[in-house]
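**Q** Sequence:
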Amino acid sequence: MNIQYEEVGQRLRAYRLGKELSAEDVAERLGISRAAVYRLEKGEIVKIQILGALSTLLGVSLPSLLGVGVEYYNNALAFFERMRQLEENSVQLLGNFSPMSSLLLSEDYMAHLRTMLVEAIPDAAPDRAKQVDFVGKIIALLEERRSTATRRGVPVVSIVGSQDLERFLRLGLIGRFNLPAEVQRERRAAARRELELLYQTMLRQPIGVQVGIVDGQPPTQTFQVYDRQDTSAVTLSPYRLGDQPNVSSGIALVTSAPEAVSYFKDTLTRQWETAHKGADGAQILRNILDSAVEAD
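The sequence shown begins at 5 in my numbering and counts up one residue at a time.
Please note that a few of the clues may not be correct.
Pairwise CB distance ranges, derived in the manner of DEER restraints [what the hints assert, rightly or not]:
no.	residue 1	residue 2	range
1	Gly56	Glu24	20 to 26 angstroms
2	Gly73	Gln53	19 to 25 angstroms
3	Ala133	Leu201	31 to 37 angstroms
4	Asp294	Asn78	38 to 44 angstroms
Straight-line distance between alpha carbons at most 20 angstroms, and here's what the computed SDA-like set of lysine to any residue pairs gives [what the hints assert, rightly or not]:
no.	residue 1	residue 2
5	Lys141	Gln248
6	Lys281	Ile211
7	Lys46	Gln96
8	Lys46	Glu11
9	Lys269	Gln225
10	Lys46	Leu61
Honestly, the hints are just simulated from the structure, not real lab data. Beta carbons are placed, not taken as given, at the ideal position from N, Cα and C, and that holds for glycine.
Please work from the sequences and hints to get the whole structure.
**A** Take a look at the structure:
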């Protein structure tokens with residue numbers, strides 16, 4: 005088996021962040037230096053036997069660390085770090101998100117997302133403070149991910165569903181329903197600003213950003229394909245960053261299996277062929293925006 009040590013190191017970092025362990029924590033528990041931990045995460049594996057101890061510490065199988073088969077993530081922080089790593093080496097991203105990829109949202113959206121995620125935490129939750137702290141770490145990582153993708157200018161091809169966009173607009177940026185009427189109006193206005201931005205993007209059709217609106221409902225699975233020069237990959241995510249967001253539960257998957265990548269790319273290609281793009285797609289979105297005004 006040809007082991008890609010740099011990829012192993014990236015998985016180690018993702019799983020470590022998911023366990024909320026510092027490099028010092030890992031070093032102390034394994035009886036190695038902090039510098040050795042950093043070398044491991046850079047792919048500079050000194051002793052492959054250490055991987056066995058790491059897999060036990062991080063609660064992940066050795067095959068998953070080595071990238072054999074499917075990687076499983078039951079922690080949003082670990083999963084988003086893995087997404088960031090994959091995007092860092094991608095030449096193109098192809099995604100199906102509900103309602104849209106977070107890479108297409110405004111810079112202001114992260115502040116709204118933090119508010120939504122925090123207000124979704126029950127006031128009586130015994131570990132509420134810990135959950136709020138976790139949300140802060142998620143937002144920081146998502147901002148880093150967005151910054152990296154923007155800096156690299158990686159091309160994004162995104163499929164969005166018209167029904168998803170309409171729901172996003174009508175519900176607004178909320179984490180729960182029992183909000184005051186005035187707050188709900190403000191959140192719907194914030195959602196409208198995001199879709200107005202998407203509308204302008206579809207009209208301009210900037211280099212590196214392609215958006216297609218599918219009539220009705222696209223595949224309900226949220227997934228992204230990472231086209232890379234060496235080994236492409238696909239991720240499936242249960243985590244939601246749009247309306248009624250969720251980063252607290254679910255199992256995410258990552259795989260580089262050629263057949264999986266091919267199947268998901270084929271699915272996106274079929275969706276893309278019938279999607280409304282450019283000025284046509286912008287008009288679909290304009291109709292959604294205008295109909296919501298009439299409903300209000």
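**Q** Give a verdict on every hint.
**A** Consistency of the hints with the structure:
For the pair Gly56 and Glu24, the supplied restraint of 20 to 26 angstroms holds, since their beta-carbon distance comes to about 22 angstroms. One distance hint, 19 to 25 angstroms for the beta-carbon pair Gly73 and Gln53, holds here, with the actual separation near 21 angstroms. A beta carbon spacing of about 34 angstroms between Ala133 and Leu201 agrees with the range 31 to 37 angstroms that was offered as a hint. Against the hinted window of 38 to 44 angstroms, the Cβ-Cβ separation of Asp294 and Asn78 comes to about 42 angstroms, which satisfies the hint.
For the hint pairing Lys141 with Gln248, the CA-to-CA distance comes to about 19 angstroms; that is within 20 angstroms, so the pair holds. Straight-line distance between C-alpha atoms of Lys281 and Ile211 comes to about 14 angstroms, which keeps the hinted pair within the 20 angstroms bound. A threshold of 20 angstroms between alpha carbons decides the hint, and for Lys46 with Gln96 the separation of about 23 angstroms lies outside it, so the pair is violated. Between Lys46 and Glu11 the CA atoms are separated by roughly 9 angstroms; this keeps the pair inside 20 angstroms, and the hint holds.
This hinted pair checks out: Lys269 and Gln225 have alpha carbons roughly 13 angstroms apart, not beyond 20 angstroms. Restraint check for Lys46 and Leu61: the C-alpha separation of about 19 angstroms stays at or below 20 angstroms, so the hint holds.
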